[in-house]
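Trainee: To convert a position in the sequence shown, counted from 1, into our numbering, add 5.
It is possible that part of the hints are untrue.
Unchecked claim - Capping the alpha-carbon separation at 30 Å, the derived lysine-lysine pairs in DSS-like fashion look like this:
1. K100 x K134
2. K34 x K150
3. K122 x K157
4. K113 x K34
5. K51 x K143
6. K122 x K34
7. K51 x K100
8. K100 x K150
9. K157 x K113
10. K52 x K134
11. K52 x K150
12. K100 x K52
13. K122 x K51
14. K100 x K143
15. K122 x K150
16. K51 x K150
17. K52 x K143
18. K134 x K150
Hints were generated in silico from the structure; no laboratory data involved.
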Amino acid sequence: MTERFYKVFEYQDPNFIYQKDYVKYSGLKTELHSFYLNFLGNYNGKKWASALTYQDQQDYNYNYALEYRTYRLDQQNLSWQNSVTWFNHRNEAFKMVLDAAYGRNHVKDVSVVMERKLSFFQYRLGVEKELVLMPSHKLAVELPKIFMCLWKKNSIMLLIKVQKRIYL
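Using the sequences and the hints, build the whole thing.
Mentor: Here it is in structure tokens:
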């Protein structure tokens with residue numbers, strides 16, 4: 006994605022016709038790369054699903070006249086999602102979930118004189134159990150635990166969240 010900024014020059018040519026020239030002088034560009042790896046399989050009668058994702062993004066200002074670039078944002082994220090599911094004789098599912106993510110952002114904007122470095126680590130550990138109420142109705146109960154840690158250069162913020170989810 007590229008956003009360009011132009012300088013507009015208006016003038017009158019020798020035939021007295023008005024002309025407009027658009028000269029691009031700077032632009033905002035975004036480079037986004039991603040890679041993922043998924044796995045689905047069976048292991049001892051248990052269904053295993055796993056996904057690994059990496060994403061990086063760079064935003065920068067590009068000056069066309071002077072041919073140089075300045076970076077505004079450098080962001081990198083790595084996440085891993087993993088779950089194991091098995092069923093009992095009543096076809097009730099039991100699922101264990103482990104998700105983890107790590108990321109870092111570096112924002113540097115000269116126009117507002119700001120530079121900020123921020124990193125985070127997050128994991129989610131959960132258990133889900135399905136209960137058969139009637140032959141065609143199931144109730145699912147999930148108990149996840151979410152932990153998130155954000156840190157800047159001189160400070161750390163922790164967020165621990167435990168919640169219950171019930172699905173019908």
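Trainee: Next, verify each hint and record whether it holds.
Mentor: Hint check:
Taking the CA atoms of K100 and K134, the gap is about 6 Å. The hint holds against a cut of 30 Å. Between the alpha carbons of K34 and K150 the distance comes to roughly 38 Å, so the proposed pair goes past 30 Å and is violated. A hinted pair counts as satisfied when its Cα atoms are at most 30 Å apart, and K122 with K157 qualifies at roughly 6 Å. Our distance criterion of 30 Å between C-alpha atoms is met by K113 and K34, whose separation comes to about 15 Å.
Between K51 and K143 the CA atoms are separated by roughly 20 Å; this keeps the pair inside 30 Å, and the hint holds. For a cut-off of 30 Å, the pair hint linking K122 to K34 stands: about 20 Å separates their Cα positions. Between K51 and K100, the direct Cα distance comes to roughly 10 Å. Compliance with the 30 Å bound is thereby established for this hinted pair. Taken as a hint, the K100 and K150 pair is honoured in the structure, with Cα atoms around 14 Å apart against an allowance of 30 Å.
Restraint check for K157 and K113: the C-alpha separation of about 14 Å stays at or below 30 Å, so the hint holds. The straight-line distance between the Cα atoms of K52 and K134 is roughly 15 Å, inside the 30 Å bound, and the hint therefore holds. Among the hinted pairs, K52 with K150 is consistent with the structure: their alpha-carbon atoms are about 22 Å apart, no more than 30 Å. With a CA separation close to 9 Å, the supplied pair K100 and K52 stays within the 30 Å bound.
Distance hint between K122 and K51 is unfulfilled; the C-alpha atoms sit about 42 Å from each other, more than 30 Å. Under the criterion of a C-alpha separation no larger than 30 Å, the hint pairing K100 with K143 is consistent with the structure, at around 14 Å. Between K122 and K150 the alpha-carbon distance is near 27 Å, which keeps this suggested pair within the 30 Å criterion. For the proposed pair K51 and K150, the alpha carbon gap of about 23 Å is at most 30 Å, so the pair holds.
Taking the CA atoms of K52 and K143, the gap is near 19 Å; set against the 30 Å cutoff, the hint holds. With a C-alpha separation of about 15 Å, the suggested pairing of K134 with K150 holds against the 30 Å cut-off.
In summary, the numbered hints that this structure violates are 2 and 13.
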